[in-house]
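**Student:** Sequence:
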Amino acid sequence: MAGHSKWKNIRIRKGKQDAVRGKIFTKLSREIIVAAKMGGGDPAMNPRLRVAVEKARENSVPVDNIKRSIARGTGEIEGADYEEIVYEGYGPGGSAIILECYSENRNRTVAEVRHAFSKHGGSLAENGSVSWQFKHLGQILVDKGTLDEEDFTLQALDAGAEDVIPDEDGFTVYTAVEDLHRVNSALEGSGIKASEVGLTFVPTNKAELSSDDVDKLLNLLERLDDLDDVQETYVNVDIPDDMLQEE
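Residue 97 in the working numbering is what sits at position 97 of the sequence shown, and the numbering runs on without skipping anything.
Please keep in mind that the hints were generated in silico from the structure rather than gathered at the bench. We treat Cβ as the ideally placed atom computed from N, Cα and C, and that holds for glycine. Mixed in with the good hints there might be a few duds.
Pair by pair, the computed Cβ-Cβ distance ranges are [said to hold, decoys possible]:
#1 D169 x V110: 15 to 21 Å
#2 V63 x V86: 27 to 33 Å
#3 E126 x D163: 28 to 34 Å
#4 E84 x S129: 15 to 21 Å
DSSO-like cross-link-like pairs, simulated, lysine-lysine; straight-line CA separation at most 27 Å [stated by the list, open to error]:
#5 K27 x K193
#6 K55 x K193
#7 K23 x K216
#8 K193 x K144
#9 K55 x K119
Can you build the whole structure from these sequences, using the hints too?
**Tutor:** Following this line, the structure appears as structure tokens:
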């Protein structure tokens, strides 16, 4: 994975597993609700919903929960009406942060996000203040398995990908936002199944932080990720591997 996502690999502190599992279920369910609301309740006709359902299944979300979330999204049953909100902010050391949130109460969400930033050395910013430091792209993650790097790269580029980044675990394929599902479908048609498909913000202007500021940034990112309404968090900092070890 690219460096801006490494902070998510921090090991969960002892005693928090059940709480974290519950939050994961909540976030995955909200993604299904929003996807169904935007594109309909049939995963075969709604690529975003198909990816959300697959991710929920991979994380052992019960089938009944998935069906109920789809029904809430399509309006078949009553439930909270979530909207997508993107917030931008500054973290310690001048780092840039983008948050994707799903909320049924915008005032509550912005208050919680602002409090987390101010408590951990950051500040909420106006829209557009930091997004120029990122590129909004489609992202497809593929496990390496027996794939040949050169062959896979050529195959992905031929399918319409903009770039392919290999690492020891596999490949990160970047596409234009509008080409994401077309490229993924082409790879699937060749027998290549992605481990994750979605949209991402890739930093184009990275900040260099001191180790002290990186530590403060990790605390802020963890606090933001603990908020129920925060779905994804992106930051323009490459965090050293030695700072991601389990406490």
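**Student:** Can you list which hints this structure breaks, lowest number first?
**Tutor:** As far as the earlier hints go, 1 and 9 are violated by this structure, in ascending order.
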